[in-house]
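**Q** For reference, the chains in residue letters:
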Amino acid sequence: MGSIVSRLLSRLLREEEIEDIEEIKKETGFSHRKITRLYRRFTSLDKGGNGTLSRDDFHRIPELAINPLGDIITNGFFPEGEDQVNFRGFVRTLAHFRPIDQDNEKNKNPSATEPLNSRTNKLLFAFRLYDLDRDGKISRDELLQVLRMIVGVNLICSTKTPKGGI
Amino acid sequence: MDDFWAGALWALKIWLYLVIILIMIPSMFGFSLGISEIYMTILVKTLEWATLNIQKANSDEGTLKPSSSNGLIQRENGSMEKELEELRRSRPKPPVGGDFTLSDCFYFTRQGIESIVDDEVTQRFTSEELVSWNLLTRTNNDFQYISLKLTLVYGLGIIVRYCILAPLRITLTIIGVSWLVIGTSAVGLLPNWRIKFWLSELVHVMCYRICARGLSATIRYHNRENKPKKGGICVANHTSPIDIVILCTDGCYAMVGQVHGGLMGIIQRAMVRSCPHVWFERSEMKDRHLVTKRLKDHVNDKKKLPILIFPEGTCINNTSVMMFKKGSFEIGTTIYPVAIKYDPKFGDAFWNSSKHSMVSYLLRMMTSWALVCNVWYLPAMHQQEGEDAVQFANRVKSAIAHQGGLVDLQWDGGLKRAKVKETFKEQQQKKYSNMVVRDDSSSNSD
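In order, the protein sequences belong to chains A and B. For the first sequence, full-length UniProt numbering begins at 1 and goes up steadily by one. For the second sequence, full-length UniProt numbering begins at 1 and goes up steadily by one.
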């Protein structure tokens with residue numbers, strides 16, 4: 001009986017588990033309901049139950065594990081040099097994939113910070129996919145590395161420029 | 001003090017007699033006094049009323065609950081070629097034979113992010129999300145105070161389930177299991193006359209019926225003319241160990257499984273005394289040829305009962321059917337597919353073995369509202385000419401999924417614990433390479 005009461009209480013207090021839900025809303029633009037659903041997804045992936053996701057938690061998703069760019073996508077969630085991502089970071093990365101707010105694009109206020117799902121921020125995210133060492137530039141080696149990941153063993157190993165030129 | 005204990009004992013005796021007369025004996029002989037029907041009618045009406053209330057409250061607030069978790073993503077399920085063409089529409093190069101383009105990685109990135117937010121596989125290993133709350137604490141995800149009436153009904157439900165129904169169900173289950181062990185051992189002492197088989201079937205069915213009452217199971221059987229016959233193999237989708245109780249209430253099957261210790265071991269040894277089941281030692285399970293041979297021997301003996309197998313190999317949450325292991329389809333006998341679909345409104349039947357132990361799972365089952373399920377017996381299937389075991393297994397799986405209204409997945413249920421094989425990634429890589437460099441087949445090989 002005691003466990004039922006404590007479960008009830010924790011359900012009531014579920015809102016408290018998501019700290020600063022208002023801040024996340026402002027930063028990412030997700031609605032309240034979407035944030036709760038994403039939190040549920042986050043906790044279901046978090047097998048360790050410690051409130052953060054590790055790389056292993058991502059690799060446990062079969063559809064991601066068979067994706068040729070699975071490792072790069074996973075890396076996109078983790079801040080520089082870190083091995084764990086908390087819920088805030090998780091949602092922040094996913095916010096890039098929200099559809100563009102049309103009215104925001106039109107009335108561009110140069111001094112206001114752009115929302116995470118603006119065209120520029122989306123392009124920045126895509127750029128970082130290729131820029132593996134995060135030095136702000138895509139080197140030829142980085143490009144080849146991504147290509148190697150997509151193509152796998154079917155890549156023609158040669159020192160020349162790959163066929164067709166990139 | 002003595003009076004108190006005497007009184008308590010007397011009350012317990014009355015309770016037991018009532019249980020036996022009103023529930024156990026009718027269920028043993030397959031008829032019903034109508035008590036559970038009345039309970040179910042009241043329950044259905046209550047849940048409908050609760051659903052209406054919740055919906056009304058939600059629409060008053062102006063917030064509409066998305067009907068399924070797919071409301072989170074806007075999917076565009078195009079083929080790889082079509083999507084790459086879309087991505088390249090600002091450049092003149094076609095996707096086929098048109099070399100690598102920077103934007104090609106967007107296709108994979110999008111698929112990857114989609115699978116992080118919501119994938120087809122991991123959601124099958126946790127309980128199904130309900131569309132509307134069914135007044136159980138365990139299925140409540142977005143608790144909101146709706147109205148006093150609803151909370152009172154919810155509180156009343158807790159009292160009814162934990163204080164009235166649970167003790168009743170536990171009593172019945174204990175009676176059922178002990179009767180199974182005693183009855184089958186007793187029948188096992190008889191010599192091998194015809195009457196032994198008949199008695200053994202009778203004992204098995206009676207005990208499973210008692211256990212089914214112990215879970216307040218309401219089972220609807222469809223197409224009973226297709227019931228599995230001797231010498232065949234019955235395959236079904238697997239949601240929990242209770243599937244066995246559900247199927248065995250309507251017929252006798254030979255079980256296949258590993259030898260366990262403890263209570264399960266006692267039950268197994270008792271059962272095998274009265275009629276042959278196929279129990280394997282842990283070491284024998286690894287030897288596929290031995291397993292196949294023993295199953296073949298059992299099947300070829302036309303006097304033995306049909307074997308019951310769950311080819312998925314693990315419990316899935318009853319929203320989908322995952323890959324069938326080909327072992328049982330290689331034996332070459334008639335396959336009788338059975339589809340089992342539970343109604344999640346009355347209780348979640350899925351056993352999440354990583355989250356709950358068997359005992360805790362059974363207690364959860366006994367404190368749910370009820371167990372309502374549909375069982376469809378599908379027409380028998382045989383392996384066709386030119387079809388290998390894997391294709392046959394997939395054909396049977398699709399038939400079961402179609403009948404039960406479940407999603408037909410190609411993924412392996414073993415992914416619950418194991419990692420996915422690298423070959424699937426290599427398939428995707430090969431597909432992309434073949435598409436992009438298609439005009440250059442001579443230098444395609446490494």
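Just so you know, not all the hints are guaranteed correct.
Stated by the list, open to error - Label-pair distances were calculated between CB atoms; the ranges are:
1) A:Phe-125 x B:Gly-265: 53 to 59 Å
2) B:Glu-129 x A:Phe-125: 51 to 57 Å
3) B:Ser-283 x A:Gly-29: 56 to 62 Å
4) B:Gln-410 x A:Leu-123: 34 to 40 Å
5) B:Ile-159 x A:Phe-125: 49 to 55 Å
6) B:Glu-86 x A:Asp-141: 47 to 53 Å
7) B:Glu-129 x A:Ser-31: 15 to 21 Å
8) B:Cys-163 x A:Gly-89: 42 to 48 Å
9) A:Ser-31 x B:Arg-364: 28 to 34 Å
10) B:Val-359 x A:Lys-47: 19 to 25 Å
11) A:Leu-144 x B:Gly-265: 30 to 36 Å
12) B:Phe-424 x A:Leu-123: 29 to 35 Å
13) A:Lys-47 x B:Arg-364: 20 to 26 Å
Stated by the list, open to error - Straight-line Cα separation of at most 27 Å, BS3-like style, residue types lysine-lysine; simulated pairs:
14) A:Lys-47 x B:Lys-227
15) B:Lys-56 x A:Lys-34
16) B:Lys-421 x A:Lys-34
17) A:Lys-47 x B:Lys-355
18) B:Lys-286 x B:Lys-227
19) B:Lys-56 x A:Lys-47
20) A:Lys-47 x B:Lys-419
As the list claims (entries may be wrong) - From chain B, some residues computed to sit far from chain A (all C-beta separations above 12 Å):
21) Val-121
22) Lys-230
23) Gly-232
Just so you know, the hints here were simulated from the structure itself, not pulled from any lab data. Here a beta-carbon is modelled for each residue, glycine too, at the ideal position from N, C-alpha and C.
**Q** For each hint, tell me whether it holds in the structure or not.
**A** Status of the hints after comparison with the structure:
no.	hint	in the structure
1	A:Phe-125 x B:Gly-265: 53 to 59 Å	holds, 56 Å
2	B:Glu-129 x A:Phe-125: 51 to 57 Å	violated, 30 Å
3	B:Ser-283 x A:Gly-29: 56 to 62 Å	holds, 58 Å
4	B:Gln-410 x A:Leu-123: 34 to 40 Å	holds, 35 Å
5	B:Ile-159 x A:Phe-125: 49 to 55 Å	holds, 53 Å
6	B:Glu-86 x A:Asp-141: 47 to 53 Å	violated, 29 Å
7	B:Glu-129 x A:Ser-31: 15 to 21 Å	holds, 18 Å
8	B:Cys-163 x A:Gly-89: 42 to 48 Å	holds, 46 Å
9	A:Ser-31 x B:Arg-364: 28 to 34 Å	holds, 33 Å
10	B:Val-359 x A:Lys-47: 19 to 25 Å	holds, 23 Å
11	A:Leu-144 x B:Gly-265: 30 to 36 Å	violated, 59 Å
12	B:Phe-424 x A:Leu-123: 29 to 35 Å	holds, 30 Å
13	A:Lys-47 x B:Arg-364: 20 to 26 Å	holds, 21 Å
14	A:Lys-47 x B:Lys-227	violated, 42 Å
15	B:Lys-56 x A:Lys-34	holds, 21 Å
16	B:Lys-421 x A:Lys-34	violated, 32 Å
17	A:Lys-47 x B:Lys-355	holds, 11 Å
18	B:Lys-286 x B:Lys-227	violated, 31 Å
19	B:Lys-56 x A:Lys-47	violated, 36 Å
20	A:Lys-47 x B:Lys-419	holds, 15 Å
21	Val-121	violated, 5 Å
22	Lys-230	holds, 39 Å
23	Gly-232	holds, 33 Å
When each numbered hint is compared with the structure, violations occur for hints 2, 6, 11, 14, 16, 18, 19, 21.
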